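> If you want the building blocks of each chain, they are given just below.
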Amino acid sequence: MPQDFAPLLEATNLSVFRGERLVLSNVSFGLGEGGIVVLRGANGAGKSSLLRALAGLTPLAAGTLRWAGDDALEDFCTHAKRIAWLGHLDAVKPALSAAEHVPKAALAAVGLAAYADLPARLLSAGQKRRLAIARVVAAGARLWLLDEPTTGLDADSVARFCALCEAHRDQGGMIIASTHMPLALRETQVLSL
Amino acid sequence: MRRLILRELRLSLRHAADTAASLLFFVIAGTLFPFALGPGPTTLSAIAAGVVWVCALLAALLPLDRLFGADFEDGTLDLLLLSGLPAYGVAFAKTAAHWLTTGLPLLVISAPLAVMLRLPAERVPLLLMTLAPGTMLLSLLGTLAAAITLGARRAAVLMPLITLPLMIPTLIFGAAAVSAPHPAASLYMLAAMLAAALPLAPLGAGAALRAAAE
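Residue numbers (our numbering), protein chains in the order written: chain A, 360 to 552; chain B, 812 to 1025.
Keep in mind the hints are simulated off the structure, nothing from the lab.
Take these hints with a grain of salt, some might be off.
Here are some chain B residues pointing at chain A (derived, C-beta under 10 angstroms) [said to hold, decoys possible]: (1) Arg818; (2) Arg825; (3) Asp889.
Predicted, not measured: the structure shown is a model, and the values here were computed from it.
Here a beta-carbon is modelled for each residue, glycine too, at the ideal position from N, C-alpha and C.
When you get a sec, could you build the whole thing from the sequences and use the hints?
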């Protein structure tokens, strides 16, 4: 989607190594408030590596990442506070209950309110993914970085997830998500890797 | 950071068997010495402090391989690094949690074990005074080793190979203080080592965590 406003997040000529392999080179895009970028590409194309680089977890081999014109990665802690992260792993602790992972309001947003006191080890794979999404919602961060967020979700949960994304964008939030599944989201930029 | 420490304590409480395993190992390992050397009070009282120290070191190592391992495997490590807390802050919180769940309980039960090993009762407070900084040092250096070996093959073997040599000076001064006529110098050395490790070990562990997350 062509953007008619100055991007808040601006990636220019990003290159990323994973181990000793150059997985991405010269990736550029901009993202303004309310923007959504969907990363597409075959397995191993570098979607996860790009997300990790955008989060600051993996260093950039080349290129610049700017937030409101400043070097986004100059202060990692400041950058981290802008981000809600959902990796391809759910980061769910089996011994803790769902409510011990995230506040109950966020659990309700993903339809897990009834499971608040259940130990996470008793949740299904899809429910754990929803719990991880609830953590993103609860973070209150402006930029959501989501790696295959709909893995293991049923159709209703995917629809609920899309509604959450739309609500986040309506509040000026931004999302960068890698996915193989078509998502019912309005006006997304697609970045093919 | 307080939230992270509380969360670690809660997790440790839910996995109470892991903590209990360390303590049981400590007691059982210490108990083996009278069986091997005989119950003679002269021999036992001479080696009691050293035995308690060595057993405490080995017992405190047991939970270290899961200190970051579980978080690394389930994706929590990424969240911790993106929590807004500096990586060294994450490492420090983990160190504090390790000491509270392993070092402190070991400290508490080391007194009865020392008495059982015929350490003169008047020396027990001194033993505890040396073990307090000693277990903290072990938590600090153990966290550093756990972070360095994170994601490595054979991490469980590498970790003690890194930690134990680093603990040798602590062991020397800690065990010596208990039997020395003037223990102040050894206690000062322990305090100095703790003062040095307190900022340096979390910094190193934080850098290792960032490297592991790449």
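> Against this structure, judge whether each hint is valid.
We went through each hint and held it up to the structure:
At its closest, the beta carbon of Arg818 of chain B sits 8 angstroms from a beta carbon of chain A; the interface hint therefore holds under the 10 angstroms criterion. Hint status for Arg825 of chain B relative to chain A: holds, with the closest Cβ pair at about 4 angstroms, below 10 angstroms. For Asp889 of chain B, the shortest C-beta to C-beta distance to chain A is roughly 5 angstroms, which falls under 10 angstroms, so the interface hint holds.
In summary, this structure violates none of the numbered hints.
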